[in-house]
Amino acid sequence: MDVKTAFLNGFIEEEIYVDQPMGFISIGEEQKVCCLHMSIYGLKQAFRCWNIRFDKFIKSYDFVKNAFDPSIYKKVSGSLVVFLVLYVDDILLIGNDIKILGDTKA
Numbered sequence: 183m184d185v186k187t188a189f190l191n192g193f194i195e196e197e198i199y200v201d202q203p204m205g206f207i208s209i210g211e212e213q214k215v216c217c218l219h220m221s222i223y224g225l226k227q228a229f230r231c232w233n234i235r236f237d238k239f240i241k242s243y244d245f246v247k248n249a250f251d252p253s254i255y256k257k258v259s260g261s262l263v264v265f266l267v268l269y270v271d272d273i274l275l276i277g278n279d280i281k282i283l284g285d286t287k288a
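Quick note on my numbering: the sequence shown kicks off at 183 and runs consecutively.
Hints are computed from structural coordinates only; laboratory data are not their basis. Among these hints, one or two may not hold up.
Unchecked claim - Here are the computed lysine-lysine pairs in the DSS-like style, where the Cα-Cα straight-line distance is at most 25 Å:
hint : residue 1 : residue 2
1    : Lys214    : Lys241
2    : Lys287    : Lys257
3    : Lys214    : Lys256
Claimed, not checked - Between beta-carbon pairs, the in silico distance windows are:
hint : residue 1 : residue 2 : range
4    : Ile280    : Phe250    : 26 to 32 Å
5    : Asp244    : Cys217    : 33 to 39 Å
6    : Leu275    : Tyr199    : 44 to 50 Å
7    : Lys241    : Asp201    : 34 to 40 Å
8    : Lys247    : Leu283    : 18 to 24 Å
9    : Tyr269    : Cys216    : 29 to 35 Å
10   : Leu262    : Asp201    : 46 to 52 Å
11   : Asp244    : Glu197    : 33 to 39 Å
12   : Phe206    : Gly260    : 50 to 56 Å
13   : Ile276    : Gln213    : 51 to 57 Å
All values reported here derive from a predicted model rather than from experimental measurement. Beta carbons are placed, not taken as given, at the ideal position from N, Cα and C, and that holds for glycine.
Could you put together the complete structure from these sequences and hints?
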C-alpha cells in the first residue's frame, strides 16, 4: 500500500515562511513570503510531522508501536494478528487472516 502525498498531510507547529513559488508570484508583491500551515516535500521536518500524525491515527485503531523498531505496529484481536510496517511513505500489512487484512486496509 503506497500512501499518496504522505508528506502533504503533516501538521507543523512552528511558523515557517517560504518564498513565493515560481509561477505564483504576485505582481507588485514580489517581496512577500508564504506562511506554511502544513508540511511540504523538501521541508526538513516533513517526515517527522507526517509520522507524528500517522502515529496518532494508527494508534486510534488499537495498533501498538513496537518498542524496538518504531516503524512497526501490531494489532492483536484474539488469535488474529496484524503487523503494519512503515517505510518512508509505503505500508506493508502482514497478518494471519485475509479478512482482517482487508478490514485493516479499508
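We went through each hint and held it up to the structure:
Our distance criterion of 25 Å between C-alpha atoms is broken by Lys214 and Lys241, whose separation comes to about 40 Å. About 13 Å separates the Cα atoms of Lys287 and Lys257, which keeps this hinted pair within 25 Å; it holds. Proposed proximity of Lys214 and Lys256 is contradicted: the alpha carbons are some 47 Å apart, above 25 Å. A hinted range of 26 to 32 Å holds for the C-beta pair Ile280 and Phe250, which are about 28 Å apart.
Distance hint for Asp244 and Cys217: a CB-CB separation of about 36 Å, consistent with the stated range 33 to 39 Å. Roughly 39 Å separates the CB atoms of Leu275 and Tyr199, a value that falls outside the hinted 44 to 50 Å. Distance hint check: the CB atoms of Lys241 and Asp201 are about 36 Å apart, consistent with the given range 34 to 40 Å. For Lys247 paired with Leu283, a C-beta distance near 19 Å keeps the hint of 18 to 24 Å intact.
Remark: the range hint 29 to 35 Å for Tyr269 to Cys216 is upheld by a beta-carbon distance near 31 Å. Separated by about 50 Å at the C-beta atoms, Leu262 and Asp201 satisfy the suggested range of 46 to 52 Å. Remark: the range hint 33 to 39 Å for Asp244 to Glu197 is upheld by a beta-carbon distance near 35 Å. In this structure the hint that Phe206 and Gly260 lie 50 to 56 Å apart at CB holds, the actual value being about 53 Å.
For the pair Ile276 and Gln213, the supplied restraint of 51 to 57 Å holds, since their beta-carbon distance comes to about 52 Å.
Comparing the model with each numbered hint stated earlier shows that hints 1, 3 and 6 do not hold.
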